[in-house]
Amino acid sequence: MASRKGLGGEGSAPVPHVLAVDDSSVDRAVIAGILRSSQFRVTAVDSGKRALELLGTEPNVSMIITDYWMPEMTGYELLKKVKESSRLKEIPVVIMSSENVPTRINRCLEEGAEDFLLKPVRPVDVSRLCSRVLR
Amino acid sequence: MDYTNLRRQIISMKKSLFDQGYLDEQFNQLEELQDDSSPNFVEEVVALFLKDSSRLLTNIEQALEKYPQDFYQLDSLVHQFKGSGSSIGALRMKNECSMFKAHCNDRNLEGYRTLDDSSSSIPASHSLLEQLHLIPWLTQMPPVTPEDEEGACHSEAEAGDIFSCKHKHQIKGPVST
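Top line first, the protein sequences correspond to chains A and B.
Mapping of the first sequence onto full-length UniProt numbering: position 38 corresponds to residue 38, and the numbering continues sequentially without gaps.
Mapping of the second sequence onto full-length UniProt numbering: position 30 corresponds to residue 30, and the numbering continues sequentially without gaps.
Check the hints yourself; a few may be wrong.
No more than 35 Å apart at the CA atoms, straight line, and that leaves these computed lysine-lysine pairs for DSBU-like [claimed, not checked]: (1) LYS51/B - LYS49/A; (2) LYS15/B - LYS49/A; (3) LYS81/A - LYS49/A; (4) LYS49/A - LYS89/A; (5) LYS15/B - LYS80/A; (6) LYS15/B - LYS66/B; (7) LYS80/A - LYS51/B; (8) LYS15/B - LYS81/A; (9) LYS15/B - LYS83/A; (10) LYS81/A - LYS101/B; (11) LYS83/A - LYS66/B; (12) LYS51/B - LYS15/B.
One-sided and incomplete, this derived list gives chain B residues near chain A with beta-carbon spacing under 8 Å [as the list claims (entries may be wrong)]: (13) ASN28; (14) LEU33; (15) ASP36; (16) SER38; (17) ASN40; (18) PHE41; (19) GLN80.
Per label pair, the in silico range of CB-to-CB distance [as the list claims (entries may be wrong)]: (20) GLU61/B - THR57/A: 46 to 52 Å; (21) LEU64/B - THR43/A: 33 to 39 Å; (22) GLU61/B - LEU54/A: 34 to 40 Å; (23) ARG41/A - THR4/B: 41 to 47 Å; (24) PRO71/A - SER54/B: 26 to 32 Å; (25) ASP35/B - GLU90/A: 20 to 26 Å; (26) LEU88/A - GLU25/B: 45 to 51 Å; (27) ASP19/B - PRO59/A: 47 to 53 Å.
No lab work stands behind these hints: they were computed from the structure.
All residues carry an ideal CB built from backbone N, CA and C; glycine is no exception.
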């Protein structure tokens, strides 16, 4: 597995903390496993609401990766809330979806999403993304 | 049954799961994430999937019994099932769910049949889930060696019998170490 050893340097920068959001326990486990194998610190939550709660208390989230289709609050709605917040808007947000819907993808990118990943998410997708977003 | 023979049979089972389209490359991707820091990663993910599947199948069964049919709810449940299956590399399950979703879109489940031609309309038949219960065995196998590959060819017929669940009652699950 490719690990992002260059990100931390010789202890000069903290390990990036990625917040993963997905209502599916299987997908949470997979994305968390992929991120951990790349040496990131990961917190995985099951809803947009819990994500916002954590973002309210955790000061140093380096990236949010969220499923699009979740009950109560979609990944798009979470993206909007993050980008509308003066405190959170600089955090890169990546959307994941099992459906390749161009209008959905464009809408997310226009709202400020950093990238859009199609599920099933593969380690190489995440490595490529993180090396670009978390430089 | 000695260890070498058992190992060959399980390796053949794993090969069969790929050859017959039950598993795809995504499963290999998960195996590559398994290392010393996460030695049981695949087993843990599959366990989550099987638990999720059990819940979703129950909900799908209940939804199928409703009249009139709530196709939106059915589609949503099968969509979740498809997503989980896709994430662990359960290719055939994913495809079966896609077919079922197409029937939901057409508002017509008449004539839908599962892979094993049972009369049930539930996608991703129970026999498929039985096969996925074999996965903890597979994830505890050391990597395949060239000698294993050679031996696996000879035992594939026997593995095929096990795979077709003729001997399902003999499969007790992995031995804890």
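So, going through the hints one by one against the coordinates:
Between LYS51/B and LYS49/A, the direct Cα distance comes to roughly 24 Å. Compliance with the 35 Å bound is thereby established for this hinted pair. Of the pairs offered as hints, the one joining LYS15/B and LYS49/A is violated, with about 42 Å between alpha carbons and a cut-off of 35 Å exceeded. Proximity of LYS81/A to LYS49/A is assessed by CA-CA distance (about 10 Å); at most 35 Å being required, the pair is judged to hold. As the CA atoms of LYS49/A and LYS89/A are separated by approximately 17 Å, the hinted pair is consistent with the 35 Å bound.
For the proposed pair LYS15/B and LYS80/A, the alpha carbon gap of about 45 Å is over 35 Å, so the pair is violated. Restraint check: the Cα-Cα separation between LYS15/B and LYS66/B comes to about 40 Å, which exceeds 35 Å; the hinted pair is violated. A distance of roughly 33 Å separates the Cα atoms of LYS80/A and LYS51/B; the hinted pair therefore holds under the 35 Å criterion. Among the hinted pairs, LYS15/B with LYS81/A is inconsistent with the structure: their alpha-carbon atoms are about 46 Å apart, more than 35 Å.
Of the pairs offered as hints, the one joining LYS15/B and LYS83/A is violated, with about 47 Å between alpha carbons and a cut-off of 35 Å exceeded. For the proposed pair LYS81/A and LYS101/B, the alpha carbon gap of about 32 Å is at most 35 Å, so the pair holds. As the CA atoms of LYS83/A and LYS66/B are separated by approximately 42 Å, the hinted pair breaks the 35 Å bound. Taken as a hint, the LYS51/B and LYS15/B pair is honoured in the structure, with Cα atoms around 24 Å apart against an allowance of 35 Å.
For ASN28/B, the interface hint is violated, the least distance from its beta-carbon to any beta-carbon of chain A being 10 Å, above 8 Å. With its C-beta approaching chain A no nearer than about 5 Å, LEU33/B sits inside the 8 Å limit, and its interface hint holds. A least Cβ separation of about 11 Å between ASP36/B and chain A goes past the 8 Å threshold, and the interface hint is therefore violated. For the restraint placing SER38/B at the interface with chain A, the shortest Cβ-Cβ distance is roughly 6 Å, inside the 8 Å limit, so the hint holds.
The beta carbon of ASN40/B is not positioned within 8 Å of any beta carbon in chain A (closest approach about 11 Å), and the interface hint is therefore violated. A least Cβ separation of about 6 Å between PHE41/B and chain A falls short of the 8 Å threshold, and the interface hint therefore holds. The restraint placing GLN80/B at the interface with chain A holds, with a minimum CB-CB distance near 7 Å, inside the 8 Å limit. Under the hint 46 to 52 Å, the C-beta atoms of GLU61/B and THR57/A, about 41 Å apart, miss the expected range.
For the pair LEU64/B and THR43/A, the beta carbons lie near 37 Å from each other, so the given range of 33 to 39 Å is met. Roughly 35 Å separates the CB atoms of GLU61/B and LEU54/A, a value that falls within the hinted 34 to 40 Å. The beta-carbon spacing between ARG41/A and THR4/B, approximately 42 Å, falls within the hinted interval of 41 to 47 Å. A beta carbon spacing of about 20 Å between PRO71/A and SER54/B contradicts the range 26 to 32 Å that was offered as a hint.
Under the hint 20 to 26 Å, the C-beta atoms of ASP35/B and GLU90/A, about 33 Å apart, miss the expected range. Range check, LEU88/A to GLU25/B: about 36 Å between beta-carbon atoms, so the 45 to 51 Å window is missed. Between ASP19/B and PRO59/A the CB atoms are about 51 Å apart, so this pair conforms to the stated range of 47 to 53 Å.
This entry does not satisfy hints 2, 5, 6, 8, 9, 11, 13, 15, 17, 20, 24, 25, 26, going by the numbered hints stated previously.
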